[in-house]
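*Asks:* The chain contents come next:
2 protein chains.
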Amino acid sequence: MSDITHLLELVADDMHHVEEKMRSGVAERYPDLAAVVDYLMGAGGKRLRPVLSLMASKFFTADPDKNYALAASVELLHTATLVHDDLIDHALLRRGMPTLNASWSAGSTILTGDYLFARSAELSAETESVRIVKLFAQTLMTIVSGELQQLFNDGHDQVPTREQYEQRIYAKTASLFSAGTEGAAILGGATQAQEDALRKYGDNLGKAFQIMDDVLDFQGDEDVVGKPVANDLRQGIATLPVMLFSQNNPSHPTINTIKKAIIREDVSDEEILAIVEAIRTSGAIETTLEEARHYARQAQVNLQIFPDSQYRQAMLEIADYAVARDV
Amino acid sequence: MSDITHLLELVADDMHHVEEKMRSGVAERYPDLAAVVDYLMGAGGKRLRPVLSLMASKFFTADPDKNYALAASVELLHTATLVHDDLIDHALLRRGMPTLNASWSAGSTILTGDYLFARSAELSAETESVRIVKLFAQTLMTIVSGELQQLFNDGHDQVPTREQYEQRIYAKTASLFSAGTEGAAILGGATQAQEDALRKYGDNLGKAFQIMDDVLDFQGDEDVVGKPVANDLRQGIATLPVMLFSQNNPSHPTINTIKKAIIREDVSDEEILAIVEAIRTSGAIETTLEEARHYARQAQVNLQIFPDSQYRQAMLEIADYAVARDV
Numbered sequence: 001m002s003d004i005t006h007l008l009e010l011v012a013d014d015m016h017h018v019e020e021k022m023r024s025g026v027a028e029r030y031p032d033l034a035a036v037v038d039y040l041m042g043a044g045g046k047r048l049r050p051v052l053s054l055m056a057s058k059f060f061t062a063d064p065d066k067n068y069a070l071a072a073s074v075e076l077l078h079t080a081t082l083v084h085d086d087l088i089d090h091a092l093l094r095r096g097m098p099t100l101n102a103s104w105s106a107g108s109t110i111l112t113g114d115y116l117f118a119r120s121a122e123l124s125a126e127t128e129s130v131r132i133v134k135l136f137a138q139t140l141m142t143i144v145s146g147e148l149q150q151l152f153n154d155g156h157d158q159v160p161t162r163e164q165y166e167q168r169i170y171a172k173t174a175s176l177f178s179a180g181t182e183g184a185a186i187l188g189g190a191t192q193a194q195e196d197a198l199r200k201y202g203d204n205l206g207k208a209f210q211i212m213d214d215v216l217d218f219q220g221d222e223d224v225v226g227k228p229v230a231n232d233l234r235q236g237i238a239t240l241p242v243m244l245f246s247q248n249n250p251s252h253p254t255i256n257t258i259k260k261a262i263i264r265e266d267v268s269d270e271e272i273l274a275i276v277e278a279i280r281t282s283g284a285i286e287t288t289l290e291e292a293r294h295y296a297r298q299a300q301v302n303l304q305i306f307p308d309s310q311y312r313q314a315m316l317e318i319a320d321y322a323v324a325r326d327v
Numbered sequence: 001m002s003d004i005t006h007l008l009e010l011v012a013d014d015m016h017h018v019e020e021k022m023r024s025g026v027a028e029r030y031p032d033l034a035a036v037v038d039y040l041m042g043a044g045g046k047r048l049r050p051v052l053s054l055m056a057s058k059f060f061t062a063d064p065d066k067n068y069a070l071a072a073s074v075e076l077l078h079t080a081t082l083v084h085d086d087l088i089d090h091a092l093l094r095r096g097m098p099t100l101n102a103s104w105s106a107g108s109t110i111l112t113g114d115y116l117f118a119r120s121a122e123l124s125a126e127t128e129s130v131r132i133v134k135l136f137a138q139t140l141m142t143i144v145s146g147e148l149q150q151l152f153n154d155g156h157d158q159v160p161t162r163e164q165y166e167q168r169i170y171a172k173t174a175s176l177f178s179a180g181t182e183g184a185a186i187l188g189g190a191t192q193a194q195e196d197a198l199r200k201y202g203d204n205l206g207k208a209f210q211i212m213d214d215v216l217d218f219q220g221d222e223d224v225v226g227k228p229v230a231n232d233l234r235q236g237i238a239t240l241p242v243m244l245f246s247q248n249n250p251s252h253p254t255i256n257t258i259k260k261a262i263i264r265e266d267v268s269d270e271e272i273l274a275i276v277e278a279i280r281t282s283g284a285i286e287t288t289l290e291e292a293r294h295y296a297r298q299a300q301v302n303l304q305i306f307p308d309s310q311y312r313q314a315m316l317e318i319a320d321y322a323v324a325r326d327v
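Protein chains in written order, with this note's numbering: chain A, 1 to 327; chain B, 1 to 327.
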C-alpha cells in the first residue's frame with residue numbers, strides 16, 4: 001500500500017507527453033535555465049497532481065493534447081510556487097536536496113519562478129478553454145493568498161483556529177490537486193455532478209496529503225524525510241498536531257514555548273524537541289492521522305458516481321497511499 | 001507637447017473603472033497589502049499602457065467591462081514585473097521613491113509581485129477571451145524571457161548587437177504597450193488589418209518610449225529623473241547611446257571602461273561620468289533621439305487606417321509626447 005509505482009505506470013505514456021510539454025521551449029532558448037528546470041523537474045516528486053489529472057481525464061473523451069497541457073500547467077504552477085516559496089522561507093532543504101536559492105542568486109530564483117508561472121499560464125491557455133484559464137488564475141490567487149495570509153495575518157500570534165488551518169491546507173495543497181481533477185472534468189465536458197465529484201476528490205485528497213505531511217513532520221526522522229523534525233513549528237507555523245495538543249493540554253509546561261515559537265521568538269533546539277516529545281506521547285498524532293484518514297475516505301466516496309475502471313481503482317488506492325506512507 | 005494631461009482626461013472616466021478593478025479584492029482581504037498596492041498604484045505613473053488600450057478600444061464597439069479588465073490586467077502585469085525587477089536589480093530608487101524591497105523583506109516583495117501576477121491573470125480571464133489570455137501569457141513570457149536573457153546571455157561580455165537591443169526593448173516595454181492595443185482590437189472584433197495596425201502602433205510607440213528613456217538616462221539630471229545618470233551602464237547594461245558611441249569611436253580612451261562596466265567589473269563614479277561626458281559630446285545622443293523619433297513616426301503611420309477621432313488624435317499626440325518629454 002505504500003508503493004504506488006504500479007499505479008503511476010498506468011499513465012506513464014501520457015506523462016511522457018506531459019513531461020515534454022513541461023520542458024519544451026527552455027533548452028533552445030536558455031541552456032542555463034534548462035539545467036535548472038531539469039533539476040527542478042527531476043527532484044524526486046511523484047508528479048501526483050498531473051497523474052491524478054490524467055487519471056480523472058480517463059472518465060471522459062477529450063483531446064489528449066489538451067489534457068497534457070492542463071496536467072503540465074498544474075505541475076509547473078506547483079513547481080513555480082515551490083521555487084518562490086523556498087526563497088521566502090529560506091528553507092535549507094527540500095526533498096533532501098539543496099534548494100534553488102542556496103546555490104543561486106535571489107534574482108535568478110525569482111526569475112526562474114516567474115518563468116515557470118509564464119509557461120504554466122501559456123499551457124493553461126493551450127487548452128483553449130476560458131474555464132480552465134479561470135481555474136488556473138483562481139488557483140494561483142488561492143495559493144498566493146494563502147502565503148500572504150501566513151505572512152500578514154494577525155492569527156500569527158496565537159494557535160490557529162480549525163477554520164484557519166483548513167484554509168491553509170486548501171491554499172497550500174488541496175487547491176492544486178483539485179484544479180487538476182476538476183480541470184479534467186471541464187475539458188471532458190462532464191456533467192455538473194461529475195465535475196463537483198472530481199473537484200471534491202482533489203480537494204479531499206489534497207487535504208489528506210497535507211495533513212499526512214503535517215503528521216510526518218512530527219513522526220519523521222530527519223534522515224528519512226530530509227528535513228528537520230517539527231520544521232513548521234520552527235518557522236512559527238502551528239499545524240494540526242500542535243493545535244490538538246494545545247487544545248487538550250492547555251496547562252502543559254511546553255505550551256508557553258509553543259506560543260513563543262508561534263510569535264517567532266527564539267526557541268532552542270532542545271525546547272523544540274521537548275515539544276515534539278510531548279506531542280508524540282499525547283495522542284495528538286493519532287487523532288491527526290484519523291483526520292487525514294477521514295479526508296482520504298471522503299475522497300474515495302466522491303468517486304462512487306463513476307463506473308469502475310483501472311483508473312478509478314488507482315485513484316482509490318492513491319487515497320489509501322496518501323495516509324499510509326511513511327515519507 | 002510635453003504635457004499630456006488633457007489627453008489622459010479623454011479616458012478619465014474609463015480609467016476610474018480600471019483603477020477600481022486594479023484595487024478590488026485587496027483591501028478586504030489584506031489590509032497590509034492594500035497599503036502597499038495603493039502605494040505602488042499611486043507611485044506617479046501616467047498609466048499609459050491602460051490609457052492607450054482604452055483609446056484603442058474606442059475604434060470598436062465592445063463590452064466596456066471587458067476593456068476595463070484588459071486595461072487593468074495590462075497595468076497590473078506591468079506593476080508585477082516592476083516589483084520583482086526592483087528586487088532583482090536591487091534598485092535603490094524608482095520614480096524618485098524608495099522601492100518596495102528597500103523597506104520590506106524580500107519574501108513580502110516576491111509575494112506582492114506574485115499577487116499582482118495572479119490578479120492580472122484573473123483580470124485577463126475576465127475578458128472571457130481565449131485569445132486575450134494567450135496574449136497575456138505570451139506577454140508575460142516575453143517579459144520574463146527578456147530578463148532571463150539579460151541574466152544568462154553570453155552577450156553580456158560585449159556591447160550588444162542592434163538585434164539584441166531591439167529584442168530587449170521589445171521585451172522590456174514594447175510588448176506590454178502592444179498587448180494593450182492589440183488586445184483592444186481583439187475584444188473589438190477588429191479586422192486583421194486593424195489588429196495588425198494596433199499591435200504595431202503599440203510596438204513602435206513602446207520602442208519610442210524605451211529609447212527615449214535610454215536617452216534620458218544620459219541626459220537627465222539626477223534631481224529631475226530621480227535616479228543616477230547612466231544608471232543602466234552602472235548595472236552593466238549598454239543601451240543605444242553606448243552602442244552608437246562604441247561603434248563610432250572604437251579607439252576612444254573610455255572604451256575600455258565601457259567594456260569593464262559591461263562585464264560588471266567595478267567602475268568608479270568618476271569613470272562613469274567621463275563616459276557620460278564623452279557620449280554626450282559625441283553626437284550619439286542626437287542619433288539615438290532620431291531613432292526614437294523614427295519609431296514614434298512609424299506608430300503614427302500605423303494609425304492611418306483608422307478614421308479621425310479625438311482618440312486617434314490623442315494617440316498621435318502621445319507618440320509626439322513620447323519623444324519630446326524631458327522626464
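Worth flagging that the hints you see were computed from the coordinates, not collected in a lab.
Be a bit skeptical, because a hint or two may be false.
Identical copies carry no separate label here, and so any pair may be met within one copy or between two of them.
As the list claims (entries may be wrong) - In silico SDA-like pairs for lysine to any residue, Cα to Cα no more than 25 Å straight-line:
(1) Lys134 to Glu277
(2) Lys200 to Thr287
(3) Lys200 to Gln313
(4) Lys66 to Asp326
(5) Lys259 to Asn249
(6) Lys134 to Thr257
(7) Lys134 to Arg325
(8) Lys46 to Arg264
(9) Lys259 to Tyr30
(10) Lys66 to Leu8
(11) Lys134 to Gly236
(12) Lys260 to Asp326
(13) Lys66 to Ala324
(14) Lys259 to Ser24
(15) Lys172 to Pro31
(16) Lys200 to Ser129
(17) Lys46 to Asp13
(18) Lys260 to Val301
(19) Lys134 to Glu28
(20) Lys134 to Ala324
Keep in mind it's a predicted model, so treat the numbers as computed, not measured.
*Asks:* Evaluate each hint against the coordinates.
*Replies:* Structure-based check of each hint:
With identical chains, the CA atoms of Lys134 and Glu277 are never at most 25 Å apart, being 45 Å at best within one copy and 52 Å at best between copies. With identical chains, the CA atoms of Lys200 and Thr287 are at most 25 Å apart within one copy only, with a shortest distance of 23 Å there and 63 Å across copies. With identical chains, the CA atoms of Lys200 and Gln313 are at most 25 Å apart within one copy only, with a shortest distance of 17 Å there and 54 Å across copies. With identical chains, the CA atoms of Lys66 and Asp326 are never at most 25 Å apart, being 34 Å at best within one copy and 49 Å at best between copies.
In the homo-oligomer, the alpha carbons of Lys259 and Asn249 lie at most 25 Å apart inside one protomer (13 Å), although the nearest pairing across protomers, at 67 Å, exceeds that limit. In this homomeric assembly, Lys134 and Thr257 never come within 25 Å of each other (Cα to Cα): the closest approach is 43 Å inside a single copy and 51 Å across copies. Taking the shortest alpha-carbon separations for Lys134 and Arg325, neither the intra-copy value of 33 Å nor the inter-copy value of 40 Å comes in at or below 25 Å. Taking the shortest alpha-carbon separations for Lys46 and Arg264, neither the intra-copy value of 33 Å nor the inter-copy value of 41 Å comes in at or below 25 Å.
In the homo-oligomer, the alpha carbons of Lys259 and Tyr30 lie at most 25 Å apart only across protomers (24 Å), although the nearest pairing inside one protomer, at 46 Å, exceeds that limit. In the homo-oligomer, the alpha carbons of Lys66 and Leu8 lie at most 25 Å apart inside one protomer (20 Å), although the nearest pairing across protomers, at 42 Å, exceeds that limit. When the C-alpha separation of Lys134 and Gly236 is checked against a cutoff of 25 Å, the pair qualifies neither within a copy, at 33 Å, nor between copies, at 40 Å. For the homomeric pair Lys260 and Asp326, neither the shortest alpha-carbon distance inside one copy (29 Å) nor that between copies (55 Å) is at most 25 Å.
In this assembly of identical chains, Lys66 and Ala324 lie within 25 Å of each other by CA distance neither inside one copy nor across copies; the values are 33 Å within and 48 Å between. For the homomeric pair Lys259 and Ser24, neither the shortest alpha-carbon distance inside one copy (47 Å) nor that between copies (35 Å) is at most 25 Å. Taking the closest pair of Cα atoms, Lys172 and Pro31 come within 25 Å of each other only across two copies (21 Å); inside a single copy the shortest separation is 31 Å, beyond that limit. In the homo-oligomer, the alpha carbons of Lys200 and Ser129 lie at most 25 Å apart inside one protomer (21 Å), although the nearest pairing across protomers, at 27 Å, exceeds that limit.
Taking CA atoms no more than 25 Å apart as the test, Lys46 paired with Asp13 passes inside one copy only; the shortest distance there is 15 Å, against 51 Å between copies. In this assembly of identical chains, Lys260 and Val301 lie within 25 Å of each other by CA distance neither inside one copy nor across copies; the values are 41 Å within and 66 Å between. Proximity of Lys134 to Glu28 under the C-alpha cut-off of 25 Å is restricted to the inter-copy arrangement: shortest distance 21 Å between copies versus 30 Å within a copy. For the homomeric pair Lys134 and Ala324, neither the shortest alpha-carbon distance inside one copy (34 Å) nor that between copies (41 Å) is at most 25 Å.
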